[in-house]
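Protein chains in written order, with full-length UniProt numbering: chain A, 1 to 242; chain B, 1 to 247; chain C, 1 to 344.
Covered by chain A, per the in silico footprint, the following chain C stretches (three or more residues, Cβ under 8 Å):
(1) 65–75
(2) 96–106
(3) 149–161
Footprint (simulated), chain A over chain B, 3 or more residues, beta carbon under 8 Å:
(4) 83–93
(5) 105–117
(6) 190–196
(7) 225–231
With a straight-line cut-off of 27 Å between C-alpha atoms, the simulated DSSO-like cross-links for lysine-lysine are:
(8) B:Lys3 x C:Lys76
(9) C:Lys106 x C:Lys67
(10) C:Lys63 x C:Lys22
(11) C:Lys261 x C:Lys316
(12) C:Lys113 x C:Lys181
(13) A:Lys78 x B:Lys3
(14) C:Lys106 x A:Lys160
(15) B:Lys172 x B:Lys143
(16) B:Lys172 x B:Lys161
(17) B:Lys165 x B:Lys240
(18) C:Lys215 x C:Lys63
(19) A:Lys78 x B:Lys240
(20) C:Lys59 x C:Lys215
(21) C:Lys67 x C:Lys30
(22) A:Lys160 x C:Lys134
(23) C:Lys215 x C:Lys232
(24) B:Lys240 x B:Lys143
(25) A:Lys78 x B:Lys241
(26) C:Lys181 x C:Lys207
(27) C:Lys132 x C:Lys115
(28) C:Lys63 x C:Lys30
(29) C:Lys115 x A:Lys160
(30) A:Lys160 x C:Lys76
(31) B:Lys165 x B:Lys241
(32) C:Lys113 x A:Lys160
(33) B:Lys3 x A:Lys160
(34) C:Lys207 x C:Lys59
(35) C:Lys132 x A:Lys160
(36) C:Lys134 x C:Lys115
(37) A:Lys78 x C:Lys59
(38) B:Lys143 x B:Lys161
Think of the hints as simulated: they come from the structure by calculation, not from any bench.
Note that CB positions come from ideal geometry on N, CA and C, so glycine has one too.
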Amino acid sequence: MMRVYVAIVFFFLYAPIAFVIASSFTDDSGLTLKWFEKLMQDSKVISAFYNSLTVAILSTFFSVILGTSSAYAFLRTKMRFESFFYTPIVIPEITEALSLLLFYKLLSFPLGFTSVLLGHIAFNIAFVFVIVKSRLSGYERSIEEASLTLGANEIQTFLKVTIPLAMPGIVAGALIAFTLSWDNFVKTVFTTAPGFQTLPLLIWSQAARGVVSPTLSALTTLMLVVSMILAYLYVRISTQRG
Amino acid sequence: MKKLAIPGVVYLLVLFYLPFFIVVLYSLGFPNFTLEFYAEVLDPWFFKFFLNSLLIATITTVLCLVLAYPVAYYIALRAQRWKNLLLVLIILPFWISLLLRTYAVMVILTPLGLMFTFTAVVIGMVYDYFPFMVLPLYASLEKLKRSQLEASYILGASPLKTFLKVTLPHSKPGIVAGIMLVFIPSFGEFVVPSMLGGTYVTIGTLTWDLFLRYHDWWRGSAISVIYMAIVLIAIAIYMKKAGRIEL
Amino acid sequence: MVEFAVELDGVSKRYGDFEAVKEVSFSIRKGEFFSILGPSGSGKTTLLRLIAGLIFPDKGTIKLMGKDCTFLPPYKRNIGMVFQDLALFPHLNVFDNVAYGLRIRKMPENEIKRKVYECLEIVNLDARVFSKRKINQLSGGQQQRVAIARALAIEPSVLLLDEPLGSLDLKLRQHMMLELKRIQRDVKITFVYVTHDQSEALIMSDKVAVINHGKIEQIGTPMEIYEKPATKFVAEFIGEMNFIPAEICEDCAISELGRIKVSGLNGSKKVLIGIRPERIKVGAIGDNTFRGKIEEIVYLGGFVKLDVNVNGVRIKCITSANGFREGETIEIGWRAEEAIIFEA
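Using the sequences plus the hints, can you model the full thing?
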């Protein structure tokens, strides 16, 4: 009996998504790819795509560097107050978003690509920190000490032992950072200017007015596919050398 | 070696903690100093927003808890062959952004003509936050061993009694975690009420309007500070009771 | 030619208020199997890490093969180290683990292969089978051997071992003890071995340094440590010891048991007479014989341990005779020369 209930729940959980995917491949006459074609021809969609991609890649790059170095320092020197890095994860997004907006306003900092990017890096650092730190803790300090006793100096040890061991954690953190940046809406909408749109912003601009269209569904489907690819990559990385 | 942490720490100080401080300043009337904006929060007009948010958050949390508990129970304790697959299916929605999932709800509700109603908002909220409730419940139920249930039966307790006296208390940490993970964000949620509720107003939509439409930094900040305070108090209580936040 | 592989002189190390190592001085001969034996928290691991160069002393000097290395980092000392948790590189296979130090030294690849195979053979691992295996595919004992091979590959002048056998089960540990002894004899490298297990120290070592609370209590051969413990701590820590409080008067001692004949008086008034359980015989022995009631009998396989109550003092005695019953009254005794006198 419980089985039936669970099955129903899962059905309702996935029905809307299935519906969206289905409606992006159909029109009145049957199966079609024309909605995707329309997307490719829409210059707003193309530019939003490039914006999303650029912000995601850059914010991942910087947050990985800043987050990993901090995680390593905290771990190896047993510093406390790591909750300093946990706060961005726990605080509601809207609060973070509006605080950034005020910050920029106060400094008369122009809104647009840079303001969005800086905001993304901020919360991504926290996630990278947490993931890398938990991955690195699994390896005892003695492995690095062993390298020192075998004749490698600190730099050699860092390159030949520490980095390879931390790599799965770093990649996992990078994937999470990329996903969060790519999907991000709340912080982006608060810190952007009318000229700069990312894909989530584009979706919102239509959906917020109650518009439901096959083209929008097609865009949603594409975003879903990207999410699934990122999820798959993350799981593969996480279960490697577990 | 400690110096490695400096770039990260400095970045967060400047682009996370400092902005918060600025919000507090604005809530106090920056560049002047006044408490009038906090006072306004006690006005009846504000109360409507507060109540709506409270209503939405509470209904969402309760519904999520009731609907998710059997699912978590089943996956943790009953499903043997399907366990891993079901876990994956539960976690998958996490990877799909809230915006996309809410849009999916829109796509279903539009032909049904349920858009822009209170029901729509509730449906959307429950749909979006359901996974947040299932996982903590699952995590705590998972720790319950089959043998503990069997021991209870042997000692003479009926399935119902066993549930009430063994299972439920055991899952308390999960319930509390789930409530925290659903209630707190849904209180300040604005995407779902905006997309599905039309004119339904909450703290979230109010904050949005104040900041992005009316550029009213001061009232907006005051409300945000209050929301933040509620969140921090809730977290502090949780940490005291639970020891540490598991991430 | 340098005589001493390791020389410590007045070495001290403190952490905040806690003095981990206090004014430790000793020398280890080249080719010696030297153990540092002590309970948890005695400072033995700290000492080893000081010799390794992972930490530096607050006072004193450390010389390795005659050269002052006190503040040199580990990679500038020619040492090898086997860690308590082995610290093998999980991202490298067996071959690459053993070859690690050689690659750092930029040895040509064909020489590396020869050396790695040689070291794996020394530790009794078939290189052809194990070279490509990942570390997590090995058993505890096999990982143990790889860790030793890796440290030996760089031909260190001193090999440091930090309680390497702790995680192995009893039979494996006994086997590995003999293996380590054999390896040390074969490669003729100085071993500095840290442990809390006295049987390891007694079985394998040429010399043992007993350490407690950061200070060296005694240094000697295993036999010296056991038969002639210098302090009460060493007497208690190694093997078992009966302690009988007594007062010296003229040529004998007065205790709860009565008069005890002693030899080797050292001038103190209040003493503890130490006598090992296996030196106490059942029956009238001569010098010192007392009657007591058997309170407890513990069967030890080939031996029996009797807990005998003599005038309120409990004496433990080990004998290979049997047929005792609890509550029985027996005579036990020992020869005066076999007791050791400690200051009370």
